[in-house]
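Just so you know, the protein sequences line up as chains G and S, in that order.
So that you can map any letter, position 136 of the first sequence is 136 in the working numbering, and since no number is skipped, the others follow by simple counting.
So that you can map any letter, position 104 of the second sequence is 104 in the working numbering, and since no number is skipped, the others follow by simple counting.
For the record, the hints were derived by calculation from the structure and aren't laboratory data.
Note that beta-carbon positions come from the ideal geometry of N, C-alpha and C, so glycine has one too.
Heads up, a few of these hints could be off.
In silico negatives: residues of chain G with every beta carbon more than 10 Å from chain S [said to hold, decoys possible]:
| id | residue |
| --- | --- |
| 1 | Glu70 |
| 2 | Ala86 |
| 3 | Ala147 |
| 4 | Leu203 |
| 5 | Asp234 |
| 6 | Leu241 |
Simulated restraints on C-beta separations [said to hold, decoys possible]:
| id | chain 1 | residue 1 | chain 2 | residue 2 | range |
| --- | --- | --- | --- | --- | --- |
| 7 | S | Gly21 | G | Leu241 | 24 to 30 Å |
| 8 | G | Glu89 | S | Glu17 | 37 to 43 Å |
| 9 | G | Pro10 | S | Glu186 | 34 to 40 Å |
| 10 | S | Pro220 | G | Arg136 | 49 to 55 Å |
| 11 | S | Gly67 | G | Pro210 | 49 to 55 Å |
| 12 | S | Gly21 | G | Arg78 | 42 to 48 Å |
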Amino acid sequence: MARTALKLGPRTFGPDELVIMAIVNRTPDSFFDQGATFADEPAFAAADRAVAEGAAILDIGGVKAGPGEEVTVEEELRRTVPFVAALRERHPDVVLSVDTWRHEVGEAVCAVGADLLNDAWGGVDPELAEVAAKHRVGLVCTHAGGAEPRTRPHRVEYPDVMADILERTVHGEAERALALGVPRESIIIDPGHDFGKNTRHSLEATRRLPEMTATGWPVLVSLSNKDFVGETLDKPVGERLLGTLATTAVSAWLGAQIYRVHQVAETRQVLDMVASIRGTREPAVARRGLA
Amino acid sequence: MFVAAAVCPCPPLLLPEVAGGAAPELDPLREACDEALRGVLAARPDVVWVVGPGPEHRLFDRGGVGGFQGFGVDVTVGLGECAEDETLPPGLAVGAWLLERAGWEGPAKGLAVPDYLEWPLCRENGVELRVSAERVALLVMGEGSARRTVKAPGYLDERAEPFDASVAAGLASGRLPQVDAELAFELMASGRAPWQVLAGAADSDEQPVASARLLYDDAPYGVGYFVASWSPGV
Numbered sequence: 001m002a003r004t005a006l007k008l009g010p011r012t013f014g015p016d017e018l019v020i021m022a023i024v025n026r027t028p029d030s031f032f033d034q035g036a037t038f039a040d041e042p043a044f045a046a047a048d049r050a051v052a053e054g055a056a057i058l059d060i061g062g063v064k065a066g067p068g069e070e071v072t073v074e075e076e077l078r079r080t081v082p083f084v085a086a087l088r089e090r091h092p093d094v095v096l097s098v099d100t101w102r103h104e105v106g107e108a109v110c111a112v113g114a115d116l117l118n119d120a121w122g123g124v125d126p127e128l129a130e131v132a133a134k135h136r137v138g139l140v141c142t143h144a145g146g147a148e149p150r151t152r153p154h155r156v157e158y159p160d161v162m163a164d165i166l167e168r169t170v171h172g173e174a175e176r177a178l179a180l181g182v183p184r185e186s187i188i189i190d191p192g193h194d195f196g197k198n199t200r201h202s203l204e205a206t207r208r209l210p211e212m213t214a215t216g217w218p219v220l221v222s223l224s225n226k227d228f229v230g231e232t233l234d235k236p237v238g239e240r241l242l243g244t245l246a247t248t249a250v251s252a253w254l255g256a257q258i259y260r261v262h263q264v265a266e267t268r269q270v271l272d273m274v275a276s277i278r279g280t281r282e283p284a285v286a287r288r289g290l291a
Numbered sequence: 001m002f003v004a005a006a007v008c009p010c011p012p013l014l015l016p017e018v019a020g021g022a023a024p025e026l027d028p029l030r031e032a033c034d035e036a037l038r039g040v041l042a043a044r045p046d047v048v049w050v051v052g053p054g055p056e057h058r059l060f061d062r063g064g065v066g067g068f069q070g071f072g073v074d075v076t077v078g079l080g081e082c083a084e085d086e087t088l089p090p091g092l093a094v095g096a097w098l099l100e101r102a103g104w105e106g107p108a109k110g111l112a113v114p115d116y117l118e119w120p121l122c123r124e125n126g127v128e129l130r131v132s133a134e135r136v137a138l139l140v141m142g143e144g145s146a147r148r149t150v151k152a153p154g155y156l157d158e159r160a161e162p163f164d165a166s167v168a169a170g171l172a173s174g175r176l177p178q179v180d181a182e183l184a185f186e187l188m189a190s191g192r193a194p195w196q197v198l199a200g201a202a203d204s205d206e207q208p209v210a211s212a213r214l215l216y217d218d219a220p221y222g223v224g225y226f227v228a229s230w231s232p233g234v
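So that you can see chain S by itself, here it is in the shape it has in the complex:
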């Protein structure tokens, strides 16, 4: 049964150790993530699935270990059972960092979904997560478009703003819009596949979740960051 979800972005910058002196710029984003995670922990899940973008479709049911050494920062984080032979992609590593920061000590597993994974499979994955335990919560990692401004990592694409606006509205209303995978890929929106797994887990394409709050919606570096808290209600 789906009991709660937190939707968070996964830029490496979220870790103060990575951002250095720029870290305070993302304090409001970290606070929003913390708020969303409190919602997940309050739902007393039996397991938290961290779902995020990754280069390949991969299950981390024994958790794993992720690091930021590839970005030049020597920080390592563990997820769940911290299986040493399982290397988390950066998006899941940021998720593991958020979970640890939130004080979650219960079972945690990971699912990486690549940008080519299509909606039916994403949805199916979400359904499987939902039935994986009595009480299942998701921490869904990913961003909107990385092409929001001229100075954005992917330069400006005029379609980015309306794309992100529709996602934000969907996260706020408990029902994500139909998102075109090809457009999301062109707009460098890493959250598309993870969000669609969430839709499957929450069954929100059939019925919007009862309680949805959009806690953060901004693009301070030209990348659309959203934080949302979902629960099926009382």
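Pulled out of the complex, with its shape left as it was, chain G reads as follows:
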């Protein structure tokens, strides 16, 4: 399948355009920000800053990915819906994504203007794709290896991790979403680094990204400060930016299009650099040797 334009809400991205999805967590306990944007004011400030630094998509999360205190549907709705509604007013040209596995949350955020449902747990709630189809919004089809939401991988094995990724995301979720009526140009696949995977699985998934891009579906990678970076370099959460950016550069070179990140400005520089090396972006300025 030839790669075509990616359409999400107010935006259309060409196949060569590298896109940043900025993470804005409405959680008190997410691993990287530790609740920094749980309150309204810092959350709006973080969203504004991410947009100013070059994010085209804001990904709002109401539940920490890892295990922790239970977040009910009601609580997740309370954390995400008013925020999405307010962001819709504040940033009409930005794609609004919500990171959720629950169809009730998907329904409510689409009603207030969300453009994309980031199903990071790989389709555990089959009704979520139906919500995306009903509202004609985008859907991220993520590989989590069949893991239950908010669980950590424990002795997970794959005979061939990329084969499993392709089987579940492409032949499973993406094609099902298309059949349900989710717009073809708004379906994204994600190998799900760290989700249902040990570090070597995530490294191999990165190495074999061309097998995903060859399917023609736009590929999203969520690498930011994750454990596979930390374990690869033996670095704690606060010291994973360089490893994240190196992985970003390689992923961009291998054809991933969308980057879900905490540090937007740094990622923008890396993606611009890779795009210029690929020849899909002109240098910002050119004086050297030309005067």
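Put chain S on the given structure of chain G with help from the hints.
Using the frame of chain G, we list chain S on its own:
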């Protein structure tokens, strides 16, 4: 008969497509070039000769095609009849770009002069251009020293500034100074031979041209850029 000349520099950066986001930095230079070209077009020449630096001494009487692919930018320009088997050196390609930008649609030819071409031959070439048609105009490409500052392409040479100052004064007064070819070569001043062709065409070593205006004199990247407009007057 010589009716007008425009003197312009020929850095690839003059093309906004080459400079990218740095292009606005040279807007004043482009405007000065446009002004000088308006003087050429107003003189209603029968032919415009683009004279500029090149690696070899070569006439492009059927025009030619030049490109910036060698600098990594896919832009192609044509001069005059655009003879496809004639590849313009970059200096003439920039000249062709300026002519096209000025809206010149009449006959145009090119002459490339190498840095080793000495004054008597340059002058002789200029005389030949002058008699090539009833009304002849020149677009003369080339720069002053590329060694004006420490950050210049050729690093700093203390002799560059006085060298360029004397050229600027000559362009402003309608009579170019006697320029030593060896010194110009050492200072990486690509305009020397083309300017001497201009002197021959305008006969300005005998009598300064009646109307000479220096429209630009600066070295924003350590290379001396001059723009001048010459005409024999009314």
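Cross-check of the supplied hints:
no., hint, verdict
1, Glu70, "holds, 51 Å"
2, Ala86, "holds, 35 Å"
3, Ala147, "holds, 46 Å"
4, Leu203, "holds, 35 Å"
5, Asp234, "holds, 40 Å"
6, Leu241, "holds, 27 Å"
7, S:Gly21 x G:Leu241: 24 to 30 Å, "holds, 27 Å"
8, G:Glu89 x S:Glu17: 37 to 43 Å, "holds, 40 Å"
9, G:Pro10 x S:Glu186: 34 to 40 Å, "violated, 59 Å"
10, S:Pro220 x G:Arg136: 49 to 55 Å, "holds, 53 Å"
11, S:Gly67 x G:Pro210: 49 to 55 Å, "violated, 34 Å"
12, S:Gly21 x G:Arg78: 42 to 48 Å, "holds, 45 Å"
Violated hints, listed in ascending order, are 9 and 11; each of the other numbered hints is respected by the structure.
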